[in-house]
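Model the full structure from these sequences, guided by the hints.
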Amino acid sequence: KAGVTQTPRYLIKTRGQQVTLSCSPISGHRSVSWYQQTPGQGLQFLFEYFSETQRNKGNFPGRFSGRQFSNSRSEMNVSTLELGDSALYLCASSNGHAGGGDTQYFGPGTRLTVL
Amino acid sequence: KNEVEQSPQNLTAQEGEFITINCSYSVGISALHWLQQHPGGGIVSLFMLSSGKKKHGRLIATINIQEKHSSLHITASHPRDSAVYICAVGDMDSNYQLIWGAGTKLIIKP
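Protein chains in written order, with my numbering: chain A, 1 to 115; chain B, 1 to 110.
Since the hints were derived computationally from the structure, they do not count as laboratory data.
Keep in mind that a hint or two might mislead.
[Stated by the list, open to error] Reference listing, derived: stretches of chain A covered by chain B, where coverage requires no fewer than 3 residues with Cβ under 8 Å from a Cβ of chain B:
(1) 45–56
(2) 92–103
[Said to hold, decoys possible] Below are the DMTMM-like pairs computed for lysine to aspartate or glutamate, each with C-alpha atoms no more than 25 Å apart in a straight line:
(3) A/Lys57 / B/Glu3
(4) A/Lys57 / B/Asp93
(5) B/Lys105 / A/Asp85
Backbone N, C-alpha and C define an ideal beta-carbon position, used for all residues, glycine too.
So this is what it looks like as structure tokens:
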């Protein structure tokens with residue numbers, strides 16, 4: 001099976017712009033989670049989708065949003081970009097609930113730079 | 001206080017040494033995961049534990065549910081084990097949301 005893919009891999013934007021990142025999970029996986037990782041920081045949970053429904057949400061402002069499509073592919077959007085949004089954005093997929101014990105498989109990430 | 005605490009934050013050791021990384025948590029959990037993040041950023045799941053002990057090659061993971069503590073051990077450490085090791089737990093009281101530790105940065109010197 002193909003692994004988790006994320007597009008684009010690198011992105012440069014300016015403050016105030018918006019950005020959409022895409023994640024394609026492993027075939028058959030129904031859960032997609034998004035994380036933000038800033039330099040020197042641990043993983044910060046953004047949200048989790050399961051069968052097109054947001055199941056959990058982290059403590060991020062409303063500028064961060066996401067959705068999941070019927071084929072389990074997921075997108076996250078960040079509006080009105082700020083310098084502090086520069087980070088590696090990671091997507092992970094699992095068949096069921098990673099918190100319930102299913103293994104998560106991570107994509108390579110999208111590195112976003114906001115100038 | 002963080003709900004998931006890892007120790008040490010940083011660990012430097014010589015090749016061949018026995019390594020122990022600890023993870024303590026304060027919530028009721030459904031499962032505990034150990035993951036490895038390579039310097040290039042890729043993250044790989046190592047273990048999922050709900051009880052007892054698991055072994056894969058030179059890696060051993062244990063969990064004590066009563067003490068709310070887990071350990072990751074590396075035997076005969078090698079420079080290629082250099083990475084950040086992350087512990088994450090599924091919180092039973094928060095819809096099984098994963099709560100992440102800050103990670104332990106391990107450097108193995110040849």
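Results of checking the hints against the structure:
no., hint, result
1, 45–56, "holds (count 4)"
2, 92–103, "holds (count 8)"
3, A/Lys57 / B/Glu3, "holds, 17 Å"
4, A/Lys57 / B/Asp93, "holds, 14 Å"
5, B/Lys105 / A/Asp85, "holds, 24 Å"
Consistency note: the structure conflicts with none of the earlier hints.
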